[in-house]
Amino acid sequence: MARVYRPELTRALFGTAAVLAVTLTSGSALAAGKDALLVTIAGDAASLDPHVQWDTDSYTVYRNIFDNLVTRNAKGEIVPQIGKSWKYLNDNEIEFELVDGIKFHDGTPLTAQDVVFSVQRITNPAFKSPQLSQFNSIVEAQVVGPNKIRLRTSSPYPALMAQLVKLSVVPEATVKKTGDVEFNQKPVGSGPYKLVNWQRGVRIDLEAVPGYWRGKAPFEKVVFRGVSDPSTRIADLRTGKADVIRNVLTDDAPLIAKDPNLQVLSVPTERIGYMFLNALHGPTADVRVRRAIAHAVDRKGIIDALLGGYGKMVNIVLTPANFGYIDGFQGYPFDPAKAKALIKEAGADGAQLTFITSPVYDQRVVQAIQQMLGEVGLKVNIATSDQPTFLKRRQGNPAEAGNLSTGNWSCACQDADGVIYPLFQSESIWSKYKDKDFDAAVEAARTTLDEKKRMDAYRKAFELLERDVPGIGLFQGVAIYAARKELQWAPTPNEAFFVFDMKWNG
Amino acid sequence: MTGFLLNRAAQSIVSFWGAISIVFVIMHLSGDPTLLLVPEGATRADIEQLRHLLGFDRPLIVQYADYLFQLLRFDFGASLIQRVPVMDIILSRLPYTLWLGGCALALALLIGIPVGVLTGLFRGRLVDRICMPIVLIGQSMPTFWSGILLILLFAVELRWLPSSGAESSVSVIMPAVALGALSMATYARIARTGVIEELSKEYVRAVRAKGVSGIQVVLSHVLRNASIPIITVSALEIANLLAGAVIVETVFAWPGLGQLAVQSIASRDFLVVQGLVVLGAFTHIGLNFVADLLYGVVDPRISLSRRDT
Amino acid sequence: MTSLAGPTRRLPFGLSPIAAIAAFVLLVFVVMALLAPWLSPFDPARQTLLARLKPPGFTTVSGAVYWLGTDEVGRDLLSRVIYGARISLLVAVLSVAVSGTLGTCLGMIAGTYRGWVEIVIMRLVDIVLSIPAILLAIVTVAVLGPGLLNLVLVLGLTRWPRYTRVAYGQTLSVANLTYVTAARISGVRGPRLLLRHMLPNILAPMIVVATLEFGLMVLFEAGLSFLGLGIQPPTPSWGSILAVGRNYVGQAWWIATLPGFCLFGLVLSINLLGDFLRDRFDPRSQTSS
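Chains as they are written, first to last, in our numbering: chain A, 1 to 506; chain B, 507 to 815; chain C, 816 to 1104.
These are calculated hints, taken from the structure and not from any lab test.
Just so it is clear, CB atoms sit at the ideal spot from N, CA and C, and this is done for glycine as well.
Incorrect hints may appear among the rest.
In silico SDA-like links for lysine to any residue, alpha-carbon gap of 25 angstroms or less [what the hints assert, rightly or not]:
hint	chain 1	residue 1	chain 2	residue 2
1	A	Lys-379	C	Gly-1043
2	A	Lys-312	B	Glu-546
3	A	Lys-128	A	Gly-211
Some chain A residues close to chain C (C-beta under 7 angstroms, calculated; not the full set) [said to hold, decoys possible]:
hint	residue
4	Leu-255
5	Ala-305
6	Gly-309
7	Met-313
8	Pro-359
9	Arg-364
10	Ala-368
11	Thr-384
12	Ser-385
13	Gln-387
14	Thr-406
15	Asn-408
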């Protein structure tokens, strides 16, 4: 019923032999019934080789084709997948025991050697994996038993397990036989779905693998399509061309919620909506100006009025979904009068600030902040460029980085180490802030496995950030999906998109 | 004739080289894809390492020479993002662009030219006053707006057509209408102008004075002479269609070269962009060559031999 | 509007009914642009987050009326549309002036002098046309930063070949006309030949191209806004309001509707007026009537 458009009528009216020859090849799958799940995401996958690409569109698809060493459950805890159990031998070495009897889609058994090969492949600099930096703390991987592997890191590395959540295991024999280019186009994994057809830019067809080791996959077929225009994605959902769509805008959510056939699925994520303040250049180099800005931004107003409640207020630059989150920080409450006073004190009345941004970021928030700062006497100029240019400025030297920008940060590791270390540690490309004590604190937290010591170090780090305000935590981001009413699925804070965890109601 | 062809071939190679070089320089001026490839949290050393591995730390001139030598061997390289040969990517998208562009162009010509001729013939009369504004409507709306309105009407409300993609045989209709509407008015106006100009010329007046009807004059003389601007504009209009396709393809998620171009530029996938420029240059130079030849056919006053010098 | 300058005649009042309507619409927009500060009921940049996406006629507790409703951050839409006329007109006028002048001159030169000049110019046309305009736009924004002048620069640099191609083709077809040949034989050379003898003969199609381009420039600015690279906020242009409003057609139809119709009206009017002007100033239709 839902997929009603009438190809036979319109085809009779407009169709020609040429039309059919070009496009009929894949039209038939549309007629598939409820055994297929149609997914519309923002773009076609760039690559289906899990070690080659690190972007949402690609991993949304390939994570359904591959299994990972470990994974996270709905609560966000790290739980076994291919790795059945693990133990630290010492601070630098960890041993995994693997599940026995897993088979890749081509029938070859998944062995310890495949896991070791996957680690070696992604950490081999010559392979040029964009994910190298997530795994290059691993200096050695070796098979130590029929179903046992051992990983050694260069130093104690607390985020190791969090990173291994993202390690997809590939079959060594197949990769070596087909070569990297071919494997990218015809990936073979051990996951619940296998690739049947990939029509670049059009659609990706997956099919359930019979006898999958974790159980029967919920849908016979899954189809991924990339549609970059958010309004068109919604049209896809409303016309039955999609059963579930990603990246729904906050203003579109109420409209979808009103539709009796549809539902909005949302979850607070580990993504932190934050504002960057350049502490090393321009008027924002004065800490009083930065504090004034923190007082001038009405975070609650932004969340309630602009985001329609799709966001949770935070007082530090970290979300409760990350390890290292500490409750009880006061932050800077909304207080325009105090902001004005601070600006006057700093002699910055009427100062010109450059707000760098790109279309990737919510322009409503950018414009709202522009006005909020205008009201306390700061003149904000917005400079929009495309994303690569924005990144070049943002990560460049402090004089070129503008004074302000917003961002949505996720390390996909749910650990403070992946957030405030790269954002504010003085050597980091993102950081426009220098503080020895802060550097020492985040360094300490990254080189011990003792959770208590790490929390203490992060407390210290957040105290310093609150004092110096090189950034403001605006809100915990919420991932919004929309789906047909019948779909049952609880999205997770790490924004993973495991079709295996979804099912039709009733 | 051989000399003419050789001359044009030499010029074409220079044009190719110019287009490729300009794009090479501006793409590299605008940064490289390394920053987009690494995960958030990569350190400066990580980024430098990847940049080195991808070869973007070499001097620009070395990268340029490298690319030119590659091209001389007809090697377009592989996409940095997708790690697939550039030619494979472009060839997989090309049929969609040709199909969409062809439908849009056919629509524009089939509606635009007759309307232009008709309004030119009946200039100032009711037909003229009604038809031109109607044709112009298509050209007066931004496609990103008309596109979403089309989707909401024909896909969401009426359920006649699929909302996006290129999987069904009727998927092309909405994007082709949105795209073709842009060119329709161009053809109508050029045809109308041509017809009016020709009708005012002495020879037409003379022929008409002999009692030959307007329609016959149009069919036998006027259309042929009015076709110069139509040909000129067609060569341009195809380029315009490709540019317009950028937004239309984005709105309708049509997997053609326009969307590929935007995405490749946005991800600084240099080799794909340059591959597209090579293709674009090839198409243009080919079309202009054809247009020049056609001038000679439709208007003997322009002789090819003179252009030989 | 440079093409209006037929020095021998002033704009007559004998407008056709359609041209009269078009001229009137255009006049309204120009007046709107000029008098924007006095016509607007609100500051077009002023946001009220609590009054977002309010429908036309929304009245606040203090009695202020948003006649056309508010946009996605609670700004008065009427004021934004009035101010938006400024940018939309300015971008189009300036970029047509730049690209039209440059392109027409080059086209006439190529068509008149032939030889290597022709080769260089026409190959340059090929080169520019074969580079995706969007690439040039993004790179210019990247290198120079966004802004009105850079926008005009982008449009000027990418659009001139279209005039050149037409001017070239037309020059070729009039170069052998009796009076042009006569002028050449009598020793007329250089700018004088181009401006006095060539230009009037090719002006009609150039006006057609320029008016079409004017409309396209308005749309191009809108397209860049859609891609997020247009005029910088909070400055409104019709294109930028529409680019956001199209995403709200389902929830707040009013955001896209008025700027959409203004844009539409502007492009339509300028094209219809272009028709009229061409009919009026075409030297051949004059001499023969």
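A quick look at each hint next to the structure:
1. A:Lys-379 x C:Gly-1043: holds (22 angstroms)
2. A:Lys-312 x B:Glu-546: holds (22 angstroms)
3. A:Lys-128 x A:Gly-211: violated (34 angstroms)
4. Leu-255: holds (5 angstroms)
5. Ala-305: holds (4 angstroms)
6. Gly-309: Result: violated, 13 angstroms to nearest chain C Cβ.
7. Met-313: The hint is violated - Met-313 of chain A has no Cβ within 7 angstroms of chain C, the shortest such distance being about 15 angstroms.
8. Pro-359: Holds, about 3 angstroms.
9. Arg-364: Given a least distance of 5 angstroms, the restraint on Arg-364 of chain A holds.
10. Ala-368: holds (6 angstroms)
11. Thr-384: holds (6 angstroms)
12. Ser-385: holds (6 angstroms)
13. Gln-387: violated (9 angstroms)
14. Thr-406: Violated, because the Cβ-Cβ distance from Thr-406 of chain A to chain C comes to roughly 13 angstroms (cut-off 7 angstroms).
15. Asn-408: violated (16 angstroms)
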